[in-house]
Structures are given as C-alpha cells and as structure tokens.
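Now for the letters of each chain:
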Amino acid sequence: MEQATPTLEELHQLLRMSETINMEIFYWWCIALMVVIHAGFLSYEIGASRLKNALTAGVKNILAFAFIVPTFFFFGWWIYNGFATGIVPNLEGAAASLPWSGSMGPNIKDNATGIFWAAFALFAATTASIMSGALIERTRMSAFIILAIILGSGVWILGAAWSWHPAGWLTTEWGFHDVGAAGCVHTIAGFFTLGVLINVGARIGRFNADGSANEIVGHSMPMSVIGLMLVIVGFFGFLGGCIIYNIGGQWTNIYGQPTTLSAFAFNTLMGFAGGLIGAYLTTREPFWMMSGGLIGIISVAPGLDVYYPPLAYVIGMGVAAAAPLVQKFLVKRGIDDAVGAFAVHGFGGFAGIVISGIFIAGYPNMGEGVPPVNFLGQAGGAVVLALLGFIPGYLISLLLKKLGVLRVPAHAEVRGLDLVEVPAKAYPEWALTGASITVTSAPVASEVAVGAAKPA
Amino acid sequence: MEQATPTLEELHQLLRMSETINMEIFYWWCIALMVVIHAGFLSYEIGASRLKNALTAGVKNILAFAFIVPTFFFFGWWIYNGFATGIVPNLEGAAASLPWSGSMGPNIKDNATGIFWAAFALFAATTASIMSGALIERTRMSAFIILAIILGSGVWILGAAWSWHPAGWLTTEWGFHDVGAAGCVHTIAGFFTLGVLINVGARIGRFNADGSANEIVGHSMPMSVIGLMLVIVGFFGFLGGCIIYNIGGQWTNIYGQPTTLSAFAFNTLMGFAGGLIGAYLTTREPFWMMSGGLIGIISVAPGLDVYYPPLAYVIGMGVAAAAPLVQKFLVKRGIDDAVGAFAVHGFGGFAGIVISGIFIAGYPNMGEGVPPVNFLGQAGGAVVLALLGFIPGYLISLLLKKLGVLRVPAHAEVRGLDLVEVPAKAYPEWALTGASITVTSAPVASEVAVGAAKPA
Amino acid sequence: MEQATPTLEELHQLLRMSETINMEIFYWWCIALMVVIHAGFLSYEIGASRLKNALTAGVKNILAFAFIVPTFFFFGWWIYNGFATGIVPNLEGAAASLPWSGSMGPNIKDNATGIFWAAFALFAATTASIMSGALIERTRMSAFIILAIILGSGVWILGAAWSWHPAGWLTTEWGFHDVGAAGCVHTIAGFFTLGVLINVGARIGRFNADGSANEIVGHSMPMSVIGLMLVIVGFFGFLGGCIIYNIGGQWTNIYGQPTTLSAFAFNTLMGFAGGLIGAYLTTREPFWMMSGGLIGIISVAPGLDVYYPPLAYVIGMGVAAAAPLVQKFLVKRGIDDAVGAFAVHGFGGFAGIVISGIFIAGYPNMGEGVPPVNFLGQAGGAVVLALLGFIPGYLISLLLKKLGVLRVPAHAEVRGLDLVEVPAKAYPEWALTGASITVTSAPVASEVAVGAAKPA
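Chains as they are written, first to last, in UniProt numbering: chain A, 1 to 456; chain B, 1 to 456; chain C, 1 to 456.
In short, the hints are calculated from the structure, not lab data.
Warning: the hint list may mix true and false statements.
[Stated by the list, open to error] Straight-line distance between alpha carbons at most 27 Å, and here's what the computed DSS-like set of lysine-lysine pairs gives: (1) Lys328/A <-> Lys401/A; (2) Lys425/B <-> Lys425/C; (3) Lys328/C <-> Lys401/C; (4) Lys425/B <-> Lys328/A; (5) Lys332/C <-> Lys402/C; (6) Lys401/A <-> Lys332/A; (7) Lys425/A <-> Lys328/C; (8) Lys332/A <-> Lys425/B; (9) Lys402/A <-> Lys332/A; (10) Lys425/A <-> Lys425/C; (11) Lys332/C <-> Lys425/A; (12) Lys328/B <-> Lys425/C; (13) Lys425/C <-> Lys332/B; (14) Lys401/C <-> Lys332/C; (15) Lys401/B <-> Lys332/B; (16) Lys401/B <-> Lys328/B; (17) Lys402/B <-> Lys332/B; (18) Lys425/A <-> Lys425/B.
Make a model of the complete structure from these sequences and hints.
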C-alpha cells in the first residue's frame, strides 16, 4: 500500500478526487433508494385498485417510469439548466445539458453529470408516480402517458428551475426557500393532478344520482400500506438528493446555504412521526396513517435545514390531521381522487410552504441582493407553483377530453380494465365475492354527480 | 475545480471535514435501511394476523414508530447519555442531550448529534417493534403504546447505557462485550415481551379447556416471509449503526476497540446462513427459517468483530435450531407468543451472549483497569439485561391488567379487532372460508387455559 | 477535534486510511442492496407458483442462499482467485483465499477481503436464485440444492475468474469486456438452467398429449411484479459491486480501465427504461414488463462504462422485445421454464454480449499485449460462457435424473408440494376456486409431452 509521498498540491488533488468519488457514491445510493419509492408506489397503487383493475394499475405505474427516463434525458435535464430565470431559456448555460453534449454520457473527466441527471430523473419519475394513483381505474393508458411525460419531464422541472435552483428566480427575487422540494415536486404534482381529475371525472359508481358518494376501496389495503412504508424508505434517497455534497467543505442546501445531514435526519423523522399521529387522530386507519407519514415529511420539507425538531413534529401532525378533511372536501365537490394524491402532495406541499413562511421568515439567503426568507415570498411561491401545476394539468387534460381520448369507454370501465388492457390474470386461483363487481354501498349511478354530498 | 494550495494544517482540516461528512452519510444510510426493518415488520406482522385483525396489527405497528420518535427525542437520548454508570444520572454529561440543548436540532457546527440520535431512535423503534408482533390480536392499543414507549424510549436505552456504551458499567466493571446489541436490543425486548405475555394471556381459542393447544396461524405466510427478508436487509443498517466511524483512523466497535466492516460482513452472512439451516432442520417451514436467519445474526452479534466465520455459522445454526423448541416450551406453559418473538429475540440474544462467553473469553477490552471479556461477565451481563427487560415488562403489564386496560373485551376479540379499531376493510373483494372465524383444530374454548398443555 | 498537525507523509496515510474506510462502506451497501434482490426474488418466485406450491417455492429460494454462503466461503472464493488462467489452479495466488487463511476472518489489518468476499457471495446467491424460479413446482429440494451449490459456488465463479477478473484469460487473450457481469452471472446461470430444464421436464399439465401447451400461471402476479421491482433496486447494489473503488484515484471497471459511477447511472437507467418498453411492445403485461426491465439492464451490462445512453435504451428495448419470443420458442420445444429465466438471463446476457461486440469493438484494454475489444472476442466469450453454464447443468441434472432423484413423484406434484414439503399453509383463511387443482385449459395430460407444440 506504500507510495512515494506526494507534494502538498498533489495531496490536495488526491483529497479532492476522493471527495469527488464520495459525492458520486452518495448520489448513487440516493438513486437506488428512489427506486424503492417506485417499488413502494407499485405496491400501493396495485393494492388501491379493485381486483378488476389491479394489473392495469401496475402497467400504468411501470410505463410512467419507462417514459420519464428517456424524455428526461432528451429534454428534462436541459429545462432544469436553461430556465432558472423564467421562460426565456439560457441557451448558453444549458448547452452542456443537450443530449449530444459530451457531458451526457460516459466521460472519465466528469464524475458529476451522470449521477445528478439520474437523481433528477428519479425525482421526475416520482413526480409522475404521484399523479398515477389518483387516476386509476378509468384513465386511458395513452392519455396518462402523455400527461406523465408533460408533468415529469416538463412542468415539475421547470418549477424546479424556478424554485429549487441556486439561480431560480423565485429565490433570487422573492427569497423562496424550499430545501426538500415540497413545491416543485409535491405541490406541482398535486395541483397538476387536481387539474386532470376535474376533467377525467369520477369512476362509475363513485357518486350516486343525488350527489351522495360511495366508497370505492382497493382490493388489498395491506399491500398499499406496506408499499407506503417502502415509499418512506425511499424518501431518504429523495431527501439525500436534496442536499449538496461540496468538495472541500460542509453540506449546503440547493441554494448554497450551509446545512447538515443531521438536521435533515432530525426533522425527517420528527415530521414523519408527527404526520402518522395526525392522520391517526382524524382517521384511525392505516392507509391514511401511512399517507400522513408522507404528509409529515412533505410538510416540513421546506425547512428541513432549520426547523427545531419538535416544531417539525407539530407541523407534520397538524397538516396530516387536516389532509383527510381536504380529501372529504374534494369528494363533496364530486372530485374522485382514488388515493388522496391531491390531499397528500398538493395540499401537504402547499400548506408546508405557507407554514414555513411563518416559522423561517427572516432566515438569510446567500448571495448579494437576494431577499431573506419572508412570508409573502413563501406564500407567493407556493401559489406560483400551484398554478404552474394546475394550469397545464387542467388544459391538457381538457384537450384530451375534447378529443375523446382521456377516458376509457364506460363498458370497459365496468367490466374492468384488466380484461382489455392486460392479457393476464392477477390472482387466477382465488375465489371472489360479488364485491369485485359492485363495490358501492348504494345503487350504482352511472353518471357522475357533482355537488353537495355527504362525505364518504 | 482548481483552488489555491492549502497549508498542511489547512489540508488536515479539509480531510477531517471530508471524513465528518462521510461519517454522516454512513449513518444516514444506516437510518434509511433501518426504516426497511419497519417495512419488513409491518409486512410480517400483518401477515401473521388472522384476517379479522390484519389492519389493527398494522395500525399498532405504525403507532409504535410514531410514538417512539418524539419520546426518544424528549428523554430516550438523554437516558443513553446519562446513565452509563447505573441508575444515578450523570446530569452534566447528559446536558447536551436535553431536548432544549443546541445540539438537539439543526446546527452547522454539529454534524454528529442529529445523525446519531436518529440512528438510535431507529434502534428504539426496532426494539418496540420486536414486542409488537407477539401481542397481536388481543392487546388493547393504548396499553400497547404505553408499553412500547417504556420499552423503546426507556428500558432498552438504559440497558444500552449500561452495556453498549464505552463507559457502560457492565463493560467497565465486568468486561461485557456485545458489539451487535444482542443484549440491549434483543434480549431486553424479548424478556420484556415475555413479562407482558404472562399478563396479557393467550388469544381466545389458542388453548382448549384441557390445556391442549390449537394452532392459530396468520392469514398470509408469504407476506410474513417476504417481510422477514426485508428485515434482514434492514439488519445491514442496524449493524452498520453498531460500528463507529472514526475521524482519522480505523473503525472501532462501540467500546472503542478496533474492528472492520469486513469482519461484520463475514460474520453477518455466515450467522444468517447458519440460522436459516438450523431452523430448517427443526421445522422445515419458511416462517421459522426466516426467523432462524434473524436468530443467526442475533446470536453471533456479540462477537461479530472477532468470530472466525465458520464458527459464526455453527453458532447461528445451533441457536436457530433450538429456538422453535423454546417456542414449544412456552406453548406448554400456556404462553401465547403469536410470532415467536421471545424465542427469536429473547432466547436468541441471551444464548448468543452466553455462548460468546465461551468463545471470546480473554479478548482484551480497551482502557486501564477494564477486565478482559470473560464468561462470567458475559453470562452475568445477559442475566442483568434479561431482568432489566423482564421486570418492568411484567410489572407494568400487571398494573395495566389490574386496571382492566391491558386487553380488549372478549367479544371484540372474537369478532375481530378490525371491526372495532379500524374503519376500513383489509380485503373487501375476497371470499373467505369459515377459517376466518374458527381457526382452531379442536372445539373452540372461549376461556384461556393456562398451564401444562401439549405442544401445538 | 483539534490535533497536532501531521507531516505530509502522515497526512497521506490518513487520506489513504479514509479512502480505505470509504471503500469498505461502499461495498457494505452493495451487499445490503443485493439482499434486496433476494427479498425481491422471494416475492417473485412465491407469486409465480400456484397456491399448492407457494411455500415450497419460498423454502427452496431461502435454502439456496443458506447453502451458497458457506460453500462460497469454503471453496467459491478460492476458485475466483485461483483459476483466472483456465483450469490449472494458481495455488500460490489463491492461498490467501483458503478458508484457514488469516484474511478469511476478522483482521484489523485487512479492510478488504471480508467485504469483497461478501459481495461476491451475494453475486453467487443471486446466480443460484436465477435458476431457482425456473424449476419450481416439480424439482426435488435436495437435487435443487446440489445444482444451486454447483452453479453458485462453482460454475459461475469459474466463469468470473475467466471473464470478469483483471487476469482472466478471456480478457487477456481475446480482449473480452463485460463490466456488468452479463456473462459470468446471467449467461452462465441462464444456460445452466436450460441444461437442467431439459432433464427435469415440464410440469404435469403444461403440455397436452398432442404437444400443445397450456398456460400455468402463478397465484399472485402482483406479488411477482412488486418483487421484480425490488430486484431492480438490488441491481444498484449488484452493479455497484461491478465497479472498483481505487485508493488514490478514479474508479475502474473490473479490468482496471477508468470509468465512473456516473456512466453506470446513465446506462443502467436508460437500459432499464428501454427494456420495460421493449417487453411492453411484445407482451403488454406487467410480469414481462418488469422482466424486460431486468433484461434491459442485463443486455447493456457489458458496456455500461462506454455506451452512449440512448444506445443503451435502444439495446435494452430490442433485447427485451425479443425475449418473450425466446420463451415461446422454448415452449414450442417442450421446455417449461416457469418464469422465463432462460429468456431473461441466458438470452438477455448472451445477446447483450454479442451486441456489445458491434458497438464497443476497438475500445482499448489496459495492459501490454492485451487485445482491444473486438467482435469475435465478445461473441466467442459469450459462447464459452454459455457452454460453461450449459454443459455442467445438463450433465449433472442428467445424472440426478438417472439416479431418480431429480424430480418429485407425480402424485406429490399433482397434490401440491406444500402438502409434502412444508408443515404449514400459505393462506389458511381464503376460499379458492377449482383453479388451484386444474390450471390447464385442456384435459390434463399426466405425461410430459415434448416436441412441436403451439406456443402458449
């Protein structure tokens, strides 16, 4: 193991190389754990489907991943690097992110681009998967893929360029601070999904003619709950991807302010635990409890680097306790979010950002002339990102609806999508109850009733 | 990437900073993988419940995590740092662990406290989860939460302060050596659980009026078995949390003695493999095989740093082969441990420590005046930790029993806890056999018979 | 935290020690994530079995792991280090890998052997698990264990010594390049399995007397699909184990050529995504889609370090689209591979290597006199490794067949292996359809028909 003693400068370069390798390793494991998010979402989403749609839900979830990766290679990464200042691309700054750039492939002089691209691609796939569960059991596969690509390789990453980038205009102009991506990932995904839900409409049988709602529940709550715990595992990869390993010094957040993984560890666990309790208080059931754990992490994500941990517990608890009420409100409005994706990600992210405007206002941003964190900046940023999600989600799904390609035909929906989409059976040997056909607690209404209704 | 060449001292500080970051990363991944333990336990425990109790088992498991995290923040971590010498707290030494200390939150001068606290909090949650499975299907939720907090944020961490801490009195006085936490985590959790099991009593139908036993089996053995393999994955996080990353040098175990991750890798895999085989030899079924894999790791945990790997295989095999017999012995005594938690963790940990007293006796402990590892110290330490677990588990559950709040009413137990605890259904579309109501192989006895009985 | 300033030489040694620790950590996490492969395979293989065989499939899968670890300790690791040049062992070079060597156990002077051994042992267990699924529902447990040990601790590691080792003769003589182990792991495992399948024969009912085929499908496709996504998670551990952390410099591949984790990240994700799409195009169902994701990674594994990422996408897509046709071809030939293991691993690995001979021909190998990568070397290497797998798989299973110990008796197979092998029930409370007894779409043929048949 002995070698000639290097000079001071050589040794410095050796240390920098060592740190480069360690940075690459860190994000490699972030990527691997973000794949766990996909194993978790797959389990969760299949479990949340009725038997007649279970495999179709799996296919949809898997296809989202399959389409996000190449599209994020061809244009998603370029968007992140080109649009920090708004909607006019910085062509020069983003040139290295063009798919034919020497950085966008194996390059032994570049230990960074591939690993960062891959981590962001997993963020993108996660964003698309957030929408996926909400739309099960009636959305057409091709329409979903189009929406997933627009959300995962377009909209969210534009939001990331604006709000989760050292030069993003929301930060440089308004002092926006959201270290854990509650805005660009969760708020955008949630509001985009809300826009789509309005157009795709409720599943047949979800609402009665008088506007009252029936419960439609998935075929395996254990599968969903275990899947959600895997999503929590994957969150450690996701949040690891939100902190910057610096050659030669302390961690920084995405905006360049010093922080520590220790801070992230404190607040992630406390937010998670608070969220579990909050949702338990208002629902007492495990699907919402685990969703509450997610909400807890999402709602403290903006201030992971600065919250006092018991405050993170309280924020997580409060937002998670409120989220099931948001879901009930949507049901009252005739909106059928099959897994509560808007309540968890849209509301959880939005509320978390607004709340952070109260508790971390005054925290300085790095850089000359950048305003400190302030309530209006946080709340305004949350609104900008919510709109950035909602508007394209609504408009594109409206277009798809007008074209008649957003939703499967009613007869296919009633018989179950697996019959038409998937040449295989989920559980060929099990006996089923009539419940697989009629899951409603009241006469089936084939039309979607919108308006005042008793909460499910 | 070029910078001015630093001085030798500056470069030394840069290296130390680099190592600090790497330490923090290492434990971050330990934490993430310990969350996998919880995904695994959730799957395992739901699978081990009958259909009528499946969701309640999940809720219980999730709530344990939710309550351990904040209580471990408020007092668990302080106990670890304050009670190494016995039962008189070292108030000065533990001051930095008080919840209002500057270390107990984001602090860019402290890259250690948060990550260590979080790793220990996951150990705590694991300890509580060990008890969780044993008590399913009849324990009251509120009583379980109280017991989980006492075990997870109180008892085990006091045991850790005594036996798994460089200044713990069991080590400094008796030479106790238990690098993989077989004592403070597994032995304590197992014996605490045993104490509770005596008071909570068997599930209705588990024993007949004549004392003979019926088998009560969970509704999905595949779910349990796959969950246990995830627990094994998580064990790599757990055992990683048992080795100390040192700035400027070789790994040490928790007592400050040099060791390597390589040693841990050798003996973890060999103990695991031996345990699988051992349990196969005496049971031939996958639930006990996977439990045997756990037992294998637990039983070699005390000497992970020093065993010759084939010895670890043999120890794991022997202890795992014996554990199902321990479970049968408990059944004969009328004790209904629903998942064999005592046999796996209590017996496995205890036996592993005692056996280590034979094979690693004479191994020197670091520090002036600290006795070397010796059989009496190991066996005595195992007894101390077993009592430290058993006594509070027994007494507190006895108190809860006297107060009439330990166990659910018999009619709720017979109908199934999901009906009363959880406003949701686990599997609404599946057809069930009568087996969900009467799982016994003999006439149902509605009273719990305790005493001599034929093994199941 | 302050210390005396070290000398330049001392500081260099401190840096080297830091890197040694980081190397050990990197492979520790590779090992942990490769255990995820086993959780995934367990889920996948149980799900792919009919209910009557579900637990036996789990036991078989677990036992493979349990037997590979010790046999890989006693002779597998020695084979890797002794047979790089062919079939005459290098006794001197492999002496440190003998089980009684000081390196083969805890040794505070050696932070490498244990962690490398463990990573390779997990590769070995993965190799054996590849075969495992193909043989479910009719292979005798003892025969499977023998075959698993020969494959996992013998054949593949000999192939690794030849083709995935800096001194392996296939590289030094022919210029063979296969950084991601498509050959020694996947091609060998697939062709070994094919050899066994020919002798073990099809499951009763798989083929009709006229040679036409019936579908036999597993009892839970969701369980299989989720398991496969966990295998993908584990692949990041597997591929991490394919890159060499170097003290003092850039990553190298197993042959000593410089590369980056970034390159691996680019091509792993792109190959995976392409494979998902490819299999979707030809099958439209989630089991093959997830298998296609595996095929995508396997097929780009030879050139992970050099492919342009969109090329990896295309290769993955093409090979994965073709694999279901390979499975159909086997069915036509009367070969009953229950999970498509040959199509995924044997065909996927073989095709990936041959294709790499087109796209990376001319890439220089390090070292004097070592030929550059070339088409004949790649294709020839693929053939050598395919034969190295096929011949022992075929001959040993033929011997076991002649001895009458390869396959369970027909009556046990018809009634289900769980009845004879496992004293437990998988799902005691569920109602089953007749499908658990008669899964064929035509009259059951109790004899295995081999020959031309319509594809299933």
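Right, here's what the structure says about each hint:
1. Lys328/A <-> Lys401/A: It holds: about 25 Å lies between the C-alpha atoms, which stays within 27 Å.
2. Lys425/B <-> Lys425/C: holds (23 Å)
3. Lys328/C <-> Lys401/C: holds (25 Å)
4. Lys425/B <-> Lys328/A: holds (19 Å)
5. Lys332/C <-> Lys402/C: Holds. Lys332/C to Lys402/C sits at ~25 Å (cutoff 27 Å).
6. Lys401/A <-> Lys332/A: Distance ~23 Å between Lys401/A and Lys332/A Cα, so the pair holds.
7. Lys425/A <-> Lys328/C: Satisfied, since the Cα-Cα distance of roughly 19 Å is no more than 27 Å.
8. Lys332/A <-> Lys425/B: holds (22 Å)
9. Lys402/A <-> Lys332/A: holds (25 Å)
10. Lys425/A <-> Lys425/C: holds (23 Å)
11. Lys332/C <-> Lys425/A: Holds, at roughly 23 Å.
12. Lys328/B <-> Lys425/C: This hinted pair holds, its Cα atoms lying about 19 Å apart.
13. Lys425/C <-> Lys332/B: holds (22 Å)
14. Lys401/C <-> Lys332/C: holds (23 Å)
15. Lys401/B <-> Lys332/B: Given that 27 Å is the threshold and the Cα spacing comes to 23 Å, the pair holds.
16. Lys401/B <-> Lys328/B: Given that 27 Å is the threshold and the Cα spacing comes to 25 Å, the pair holds.
17. Lys402/B <-> Lys332/B: Given that 27 Å is the threshold and the Cα spacing comes to 25 Å, the pair holds.
18. Lys425/A <-> Lys425/B: holds (23 Å)
Going through the hint list in order, the structure satisfies each hint without exception.
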